[in-house]
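S.K.: Chain G is fixed; fit chain R onto it per the hints.
Chains as they are written, first to last, in my numbering: chain G, 5 to 282; chain R, 5 to 282.
Just so you know, these hints were derived from the structure itself, not from any lab. Every residue, glycine too, gets a C-beta built ideally from N, C-alpha and C. Among these hints, one or two may not hold up.
Stated by the list, open to error - Below, a sample of chain R positions facing chain G; criterion: calculated Cβ distance under 8 Å:
hint	residue
1	19
2	41
3	44
4	72
5	76
6	266
Here is how the chains run, residue by residue.
Protein chains: 2
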Amino acid sequence: MQQIQKNFCFDGEQRTYQWHSDQLQNDAKFSIYLPEQALLGEACPAVFYLAGLTCTEETFAIKAHAQRFAAQLGLILVMPDTSPRGESVAQGDSWDLGLGAGFYINATQAPWAEHYRMESYIVDELYNAVQSHFPIQHGRIGIMGHSMGGHGALTLAWKYPEKFKSVSAFAPICAPSQCPWGEKAFTHYLGEARDTWLAHDAVALVYSKGALFSEVLVDQGFADQFYHQLNPQLLQKACAEVGQKLTLRQHQHYDHGYYFIQSFIDDHLQFHAAELTQ
Amino acid sequence: MQQIQKNFCFDGEQRTYQWHSDQLQNDAKFSIYLPEQALLGEACPAVFYLAGLTCTEETFAIKAHAQRFAAQLGLILVMPDTSPRGESVAQGDSWDLGLGAGFYINATQAPWAEHYRMESYIVDELYNAVQSHFPIQHGRIGIMGHSMGGHGALTLAWKYPEKFKSVSAFAPICAPSQCPWGEKAFTHYLGEARDTWLAHDAVALVYSKGALFSEVLVDQGFADQFYHQLNPQLLQKACAEVGQKLTLRQHQHYDHGYYFIQSFIDDHLQFHAAELTQ
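Isolated chain G, as found in the complex (with noise of 0.2 Å):
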């Protein structure tokens, strides 16, 4: 695991690593922020943050304004790419399919179950490698993530609720089987078969595997220009129908974008903080 970048924040680091993905088979990045009490060998709660599509490792360390609240809540932030990257990995023909667009599930389908294989990358490979190498508290992890890492993080979350205690979305795509962007992501690495999709959508993931989560947060602005592709009440009416306590926060002129998200991410934080040291 080769140190690619690091630089001082608020008392912390902020850094950016590489390594070799065996699930991924080809290099990796992602990027990390410790708070000080990490750097002084202080175990510390963490919250993985899925980023959306197009994005990269670093995408949320400099646009979402989080460390500076991280720093004080002693949080550390791990931050993983959104696809396999790489000359041998199936581009795709757009930006919502293929590099950047990894959708958080291992593909089944040619050409991209060999390296597309995001869900095992993060949940088995990141997961461990990062408890292994940094001061993060046993059990304490949660997960979080925007739009595609929205999807990601809910549907992370409710797979495997032993690796993630707490779990918040920004606009996350709730119902990927519903909408095109879902639709065309999950024909190419799924395949046609609509049914085995379901183990990958969060609405059906709540309707199937019912409350697992104390609260659930997700934040979605009005203004946002993919609202048609996200399904916010989709998610409600499945949580409503479980018991699963959701805080649907909808806002007045707030769009998709990172302007959004640094405008909540405090809230976020604090509220993934509080789970966690429960």
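M.R.: Relative to chain G, chain R alone:
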């Protein structure tokens, strides 16, 4: 003046405008953060932020994490580009000359003199335009900047103290006449007569014009990879000799980038808000 981007952020708006600049003889962009108070028509104090080499009107808006506290303080932030742009503009031979490297002066030498008039653009054209278009409190305008923009903030404040009531900087080029970046830029933009450079050198201006501000705030990282270009000790000596109060904070471990700036941006905004509302 055409608004080309708008994002709601902390109950205010981050906007980008494009307009024709007579000074730069070309189209130019700037971005502006308007806190909620300004959106409601209430006059607010404003701070110009001048960015460093290679940056644009977007850099500070995305990377400095200033909007949260600007919203709290009710401060307008004005973020110009760092040079003229366009195909007709002399491009320069590298990242430290020409595009992205206007140095906030009016060039006197060919081929630069036609478009490279960032000083007049900032202090006359843009200064007047933002006061006409946005609810800025009369006379309550400060200036800050980073690196080349820290040089710009200090020199424009010392040249035009009637226009800027407060000044601060992150890792400024304090004495461009005495460092490689400044020597290269001034030789090209102003010619080889070094005595003409002194009117655009913060340390020389402090000596020649004396103490002009109740306080100046400068932050500098000791791990700054460009420390040898910056000469904070010369600014400290000049301010001490003329009786100008300078709060120079030098920080272990921090480097030259925006992870450093974001760590201390709140202190700068607080400083300007206090100075501007006196």
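S.K.: Evaluate each hint against the coordinates.
M.R.: Hint-by-hint comparison with the structure:
no.	hint	in the structure
1	19	violated (11 Å)
2	41	violated (16 Å)
3	44	violated (13 Å)
4	72	holds (7 Å)
5	76	violated (12 Å)
6	266	holds (7 Å)
Violated hints, in rising order: 1, 2, 3 and 5; the structure is consistent with all others.
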